[in-house]
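Participant: The primary structure of each chain is shown beneath.
There are 2 protein chains.
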Amino acid sequence: MNLNGCSIVAGRPTPGCGSAFHAVRPDSGESIEPSYHSVGPAEVDAAVQAAYAAFQSYGRSTGKVRGEFLRAIARRLDATVDGFVARTPLETGLPEARVRAEAARTTSQLRLFADLVDDGSWVDARIDQGDPARKPAPKPDVRSMLRPTGPVAVFGAANFPLAFSVAGGDTASALAAGCPVIVKAHPAHPGTSELAGRALSDAARECGLHDGVFSLLFDSGYDVGRALVGHPLVKSVAFTGSRSGGLALAHIAAARPEPIPVFAEMSSVNPVFILPDALAARASELAEALYASVTTGMGQLCTCPGLVIMLRSPALEPFVESLAARMTSTEQGVMLNSGVAQAYREGLDRLSKKAGVSRLTTPDSGAALWRVSSAAFTSDPALAAEVFGPSTMIVECESWDEMLDCARGLEGQLTATVHADDSEWLQCSDLLHVLEERAGRLILNGVPTGVEVGPAIVHGGPFPATFDGRSTSVGSRAILRFVRPVCYQGFPNNLLPDELKDSNPLSIRRMVNGAVVEPR
Amino acid sequence: MNLNGCSIVAGRPTPGCGSAFHAVRPDSGESIEPSYHSVGPAEVDAAVQAAYAAFQSYGRSTGKVRGEFLRAIARRLDATVDGFVARTPLETGLPEARVRAEAARTTSQLRLFADLVDDGSWVDARIDQGDPARKPAPKPDVRSMLRPTGPVAVFGAANFPLAFSVAGGDTASALAAGCPVIVKAHPAHPGTSELAGRALSDAARECGLHDGVFSLLFDSGYDVGRALVGHPLVKSVAFTGSRSGGLALAHIAAARPEPIPVFAEMSSVNPVFILPDALAARASELAEALYASVTTGMGQLCTCPGLVIMLRSPALEPFVESLAARMTSTEQGVMLNSGVAQAYREGLDRLSKKAGVSRLTTPDSGAALWRVSSAAFTSDPALAAEVFGPSTMIVECESWDEMLDCARGLEGQLTATVHADDSEWLQCSDLLHVLEERAGRLILNGVPTGVEVGPAIVHGGPFPATFDGRSTSVGSRAILRFVRPVCYQGFPNNLLPDELKDSNPLSIRRMVNGAVVEPR
Numbered sequence: 001m002n003l004n005g006c007s008i009v010a011g012r013p014t015p016g017c018g019s020a021f022h023a024v025r026p027d028s029g030e031s032i033e034p035s036y037h038s039v040g041p042a043e044v045d046a047a048v049q050a051a052y053a054a055f056q057s058y059g060r061s062t063g064k065v066r067g068e069f070l071r072a073i074a075r076r077l078d079a080t081v082d083g084f085v086a087r088t089p090l091e092t093g094l095p096e097a098r099v100r101a102e103a104a105r106t107t108s109q110l111r112l113f114a115d116l117v118d119d120g121s122w123v124d125a126r127i128d129q130g131d132p133a134r135k136p137a138p139k140p141d142v143r144s145m146l147r148p149t150g151p152v153a154v155f156g157a158a159n160f161p162l163a164f165s166v167a168g169g170d171t172a173s174a175l176a177a178g179c180p181v182i183v184k185a186h187p188a189h190p191g192t193s194e195l196a197g198r199a200l201s202d203a204a205r206e207c208g209l210h211d212g213v214f215s216l217l218f219d220s221g222y223d224v225g226r227a228l229v230g231h232p233l234v235k236s237v238a239f240t241g242s243r244s245g246g247l248a249l250a251h252i253a254a255a256r257p258e259p260i261p262v263f264a265e266m267s268s269v270n271p272v273f274i275l276p277d278a279l280a281a282r283a284s285e286l287a288e289a290l291y292a293s294v295t296t297g298m299g300q301l302c303t304c305p306g307l308v309i310m311l312r313s314p315a316l317e318p319f320v321e322s323l324a325a326r327m328t329s330t331e332q333g334v335m336l337n338s339g340v341a342q343a344y345r346e347g348l349d350r351l352s353k354k355a356g357v358s359r360l361t362t363p364d365s366g367a368a369l370w371r372v373s374s375a376a377f378t379s380d381p382a383l384a385a386e387v388f389g390p391s392t393m394i395v396e397c398e399s400w401d402e403m404l405d406c407a408r409g410l411e412g413q414l415t416a417t418v419h420a421d422d423s424e425w426l427q428c429s430d431l432l433h434v435l436e437e438r439a440g441r442l443i444l445n446g447v448p449t450g451v452e453v454g455p456a457i458v459h460g461g462p463f464p465a466t467f468d469g470r471s472t473s474v475g476s477r478a479i480l481r482f483v484r485p486v487c488y489q490g491f492p493n494n495l496l497p498d499e500l501k502d503s504n505p506l507s508i509r510r511m512v513n514g515a516v517v518e519p520r
Numbered sequence: 001m002n003l004n005g006c007s008i009v010a011g012r013p014t015p016g017c018g019s020a021f022h023a024v025r026p027d028s029g030e031s032i033e034p035s036y037h038s039v040g041p042a043e044v045d046a047a048v049q050a051a052y053a054a055f056q057s058y059g060r061s062t063g064k065v066r067g068e069f070l071r072a073i074a075r076r077l078d079a080t081v082d083g084f085v086a087r088t089p090l091e092t093g094l095p096e097a098r099v100r101a102e103a104a105r106t107t108s109q110l111r112l113f114a115d116l117v118d119d120g121s122w123v124d125a126r127i128d129q130g131d132p133a134r135k136p137a138p139k140p141d142v143r144s145m146l147r148p149t150g151p152v153a154v155f156g157a158a159n160f161p162l163a164f165s166v167a168g169g170d171t172a173s174a175l176a177a178g179c180p181v182i183v184k185a186h187p188a189h190p191g192t193s194e195l196a197g198r199a200l201s202d203a204a205r206e207c208g209l210h211d212g213v214f215s216l217l218f219d220s221g222y223d224v225g226r227a228l229v230g231h232p233l234v235k236s237v238a239f240t241g242s243r244s245g246g247l248a249l250a251h252i253a254a255a256r257p258e259p260i261p262v263f264a265e266m267s268s269v270n271p272v273f274i275l276p277d278a279l280a281a282r283a284s285e286l287a288e289a290l291y292a293s294v295t296t297g298m299g300q301l302c303t304c305p306g307l308v309i310m311l312r313s314p315a316l317e318p319f320v321e322s323l324a325a326r327m328t329s330t331e332q333g334v335m336l337n338s339g340v341a342q343a344y345r346e347g348l349d350r351l352s353k354k355a356g357v358s359r360l361t362t363p364d365s366g367a368a369l370w371r372v373s374s375a376a377f378t379s380d381p382a383l384a385a386e387v388f389g390p391s392t393m394i395v396e397c398e399s400w401d402e403m404l405d406c407a408r409g410l411e412g413q414l415t416a417t418v419h420a421d422d423s424e425w426l427q428c429s430d431l432l433h434v435l436e437e438r439a440g441r442l443i444l445n446g447v448p449t450g451v452e453v454g455p456a457i458v459h460g461g462p463f464p465a466t467f468d469g470r471s472t473s474v475g476s477r478a479i480l481r482f483v484r485p486v487c488y489q490g491f492p493n494n495l496l497p498d499e500l501k502d503s504n505p506l507s508i509r510r511m512v513n514g515a516v517v518e519p520r
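These protein sequences, in sequence, are chains W and S. The working numbering applies: residue 1 is where the first sequence begins, and numbers increase by one. The working numbering applies: residue 1 is where the second sequence begins, and numbers increase by one.
To be clear, the hints were calculated from the coordinates, so they are not data collected in a lab. All residues carry an ideal CB built from backbone N, CA and C; glycine is no exception. Check each hint, because a few of them may be wrong.
Stretch-level coverage of chain S by chain W, calculated; a stretch enters the list once three of its residues show a Cβ under 8 Å from a Cβ in chain W [said to hold, decoys possible]: (1) 456–466; (2) 490–500.
Capping the alpha-carbon separation at 20 Å, the derived lysine to any residue pairs in SDA-like fashion look like this [what the hints assert, rightly or not]: (3) Lys501(W) - His433(S); (4) Lys135(W) - Thr296(S); (5) Lys139(W) - Ala384(W); (6) Lys135(W) - Ala292(S); (7) Lys139(S) - Ala384(W); (8) Lys354(W) - Ala384(W); (9) Lys135(W) - Glu452(S).
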């Protein structure tokens with residue numbers, strides 16, 4: 001497919017007249033055609049106004065309509081996979097196999113949400129029937145359900161150019177909820193963004209939806225993002241990226257006359273705790289699993305394990321040696337873009353200058369392994385900061401209490417992992433309790449990477465893992481970010497949404513007078 | 001019951017050594033014994049530290065334990081009703097009948113949450129079973145449920161000294177969720193607060209709970225509130241009160257190193273739209289219902305209707321005259337406290353100086369009725385600000401479009417009401433759509449006051465009705481403010497919470513592999 005270098009404002013290809021930029025090959029530094037242009041305030045406003053206009057119909061569309069839309073997007077993305085395979089590796093350095101796998105994940109996410117809204121019961125419909133004869137006052141008829149909040153600004157992430165970008169989980173869950181989406185494309189993969197955006201826009205047209213339901217805006221800088229988050233008709237923000245980026249958006253959102261929620265997935269070091277019996281039983285297996293988890297996707301995953309916290313034990317030295325050897329032998333890879341590569345180098349530099357931190361890998365190896373005592377670790381909070389890339393740090397504890405102290409000192413995390421043998425379960429339940437306060441997902445005897453997309457997954461955690469630690473950006477619960485309960489009192493059936501009519505025309509599960517009633 | 005004038009820090013009566021204050025009779029201005037003292041930073045820290053310690057056990061307690069606790073609180077409040085009847089009218093000016101009704105509502109709220117957590121299914125337990133044989137990668141076992149977030153700071157409201165104060169809906173829902181509570185008592189009803197706090201504290205002891213599960217702190221000023229919201233171990237805030245108060249807390253919460261959510265129910269004018277056919281059919285009934293709704297509790301209800309938006313029609317003048325006569329004949333009542341009374345007088349003063357606003361009641365009447373054209377109303381946003389008290393404003397529209405413009409110009413509201421005849425339903429669905437974006441509860445042919453507490457109710461709305469417009473502070477959904485999803489991957493049954501064990505020992509409704517499974 002030929003790329004046209006255009007933003008998409010409510011279905012219309014829009015060249016933009018701001019500063020020009022190109023995708024850049026991270027392996028060679030070469031620019032890739034075509035050029036893209038930043039859009040200006042007028043295009044931002046047009047996209048948001050169109051989104052708000054679309055919300056008037058799309059926000060009240062049935063689950064079937066939204067389900068068809070999400071499936072149409074998935075079909076068009078499936079049909080675009082060759083386009084992604086040709087373009088995405090050039091602008092991200094990601095290999096073809098990864099692009100294919102990520103495309104499959106992206107469409108499966110869309111279909112997960114399509115199934116959810118097709119079924120329809122997710123809206124938590126509740127009916128408390130009235131009783132005009134009640135004393136001292138008649139009891140009113142009160143019904144409620146979850147309704148979409150309005151246009152959502154989605155910020156594409158660099159590290160998942162498909163699954164967390166234009167047509168990624170944020171977009172899928174917002175559209176499923178009934179919210180139009182305006183995507184601010186990540187400037188590092190504009191070609192991939194355009195391909196996905198055209199698939200989305202074409203799917204909206206195919207389904208006969210208001211074309212404001214989706215827009216895609218390019219910008220080489222920050223102005224479009226700022227304008228989007230500040231626009232009075234934008235009602236929430238979804239973002240995956242750096243802590244500084246997420247906090248900047250949260251500050252803009254909080255300073256609005258009407259503050260809005262920001263669902264920013266920002267930073268996590270995903271600590272892994274290894275207990276001695278587990279280590280003794282399977283040291284080499286653990287080293288291999290950890291190595292693979294740290295280096296998958298060049299460590300550029302939100303769930304990359306950046307800390308390995310261990311108790312001193314006889315099996316520790318051989319484990320560390322074997323992991324160090326694996327990490328040292330890693331070939332240098334290509335990172336997503338020059339910004340990510342530079343931030344990674346700076347992170348390594350910072351660690352290499354820290355007293356008490358020793359580097360177990362050579363400076364020219366493709367992955368970095370560090371070692372520090374728990375005493376040094378707990379005395380310097382900077383050691384627990386995320387280094388985005390294939391780097392991990394072993395923290396050696398002298399005692400169980402030191403290990404618990406390490407856990408207690410952690411900030412909020414997306415994940416926390418414990419490796420423990422059956423014999424250690426009693427002991428590790430204390431540790432799991434400490435970690436549960438600090439993480440959205442606890443993993444026993446596994447690795448944090450490889451997020452399983454399904455109804456039960458949680459990809460979110462206490463601040464700063466996520467700005468709103470009560471949310472997840474992966475899995476069907478992600479839809480709950482973009483809705484609020486709306487209550488209808490004393491309404492006749494013909495003015496109620498279908499979900500709340502007496503006859504239950506959509507056959508959904510509802511709560512009636514406090515008891516759950518299954519559809520027939 | 002003799003009052004001891006003490007704060008309660010984790011079960012311990014604590015005199016406090018800060019500035020002294022008394023309750024003041026709003027009718028006479030007399031002080032009422034005993035004196036109360038503000039606590040200092042040490043007591044705040046002790047209460048929060050104890051709450052966090054209690055969270056370690058209470059946060060993992062079963063629904064049965066929490067249900068028993070909530071019922072024990074309700075029983076002890078029931079046994080304290082005579083105490084409330086003796087004290088609460090003195091410090092709030094509320095009549096005995098209201099105090100009795102509010103006490104009944106308070107205990108029924110506690111029992112609603114007791115039933116909810118007894119049943120246990122509210123935790124949204126989800127199980128995605130693993131498949132070790134899946135290709136290319138094994139599928140992990142992933143389970144999740146809603147878990148409490150941690151200690152909650154609750155701010156007592158002036159206008160519901162029982163139902164939105166120490167043992168009110170915020171406390172009940174937080175305790176139901178598994179979160180310990182530290183209440184900052186409203187200084188206008190310290191005796192009522194002490195009685196409720198002692199009931200709560202005694203119930204915790206009766207149930208054998210960690211005494212940090214509840215604390216009650218007095219303060220004549222703002223220091224205790226600021227310290228609570230800024231304390232690193234406090235994880236959320238619940239507040240009902242003024243817009244300025246709610247925003248001040250939200251700013252403190254946002255400026256923390258770890259920002260926390262603030263569930264502040266702040267301000268609402270609860271617009272009522274009256275369509276001509278409805279007016280023609282039942283003008284005098286409407287005037288009577290509206291009069292009662294505006295003046296109930298001296299207009300000191302969050303849902304008091306402060307705007308009545310009407311289309312010019314033949315029935316309008318007689319309706320306005322009859323409402324004006326009713327309002328004028330209202331006797332001056334006693335407001336909750338001198339602060340509320342003064343803010344009310346200032347609000348009336350402000351309106352009386354507005355060009356285009358005419359006052360239809362005499363200055364010495366106990367309720368105020370105003371009239372303004374929709375043109376004047378839409379050109380001055382200050383006219384739509386809440387005047388807390390028995391005051392309401394008729395906005396007269398020349399056309400249907402003007403009425404829609406009035407609706408479009410509204411800020412977020414707790415409620416929006418429409419009176420329409422069957423013949424007007426088609427027309428009013430446009431209006432209802434506009435209002436749905438701006439309100440948490442839509443009422444047809446009723447009044448907004450008299451919030452029905454049940455599973456379906458929503459008492460919350462877009463900003464500034466509520467700081468987080470996706471939440472409700474009344475009804476069983478209020479518990480969702482104090483929880484977050486937590487995910488357990490690869491856990492053996494004995495390390496999982498009961499809610500997620502294979503055998504479903506609590507017999508709760510769960511989602512297994514995407515399908516809802518009812519308990520047997």
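Participant: Look at each hint and say if it fits the structure.
Facilitator: Going through the hints against the structure:
{"no.": "1", "hint": "456–466", "verdict": "holds (count 7)"}
{"no.": "2", "hint": "490–500", "verdict": "holds (count 5)"}
{"no.": "3", "hint": "Lys501(W) - His433(S)", "verdict": "17 Å, holds"}
{"no.": "4", "hint": "Lys135(W) - Thr296(S)", "verdict": "18 Å, holds"}
{"no.": "5", "hint": "Lys139(W) - Ala384(W)", "verdict": "56 Å, violated"}
{"no.": "6", "hint": "Lys135(W) - Ala292(S)", "verdict": "17 Å, holds"}
{"no.": "7", "hint": "Lys139(S) - Ala384(W)", "verdict": "30 Å, violated"}
{"no.": "8", "hint": "Lys354(W) - Ala384(W)", "verdict": "12 Å, holds"}
{"no.": "9", "hint": "Lys135(W) - Glu452(S)", "verdict": "13 Å, holds"}
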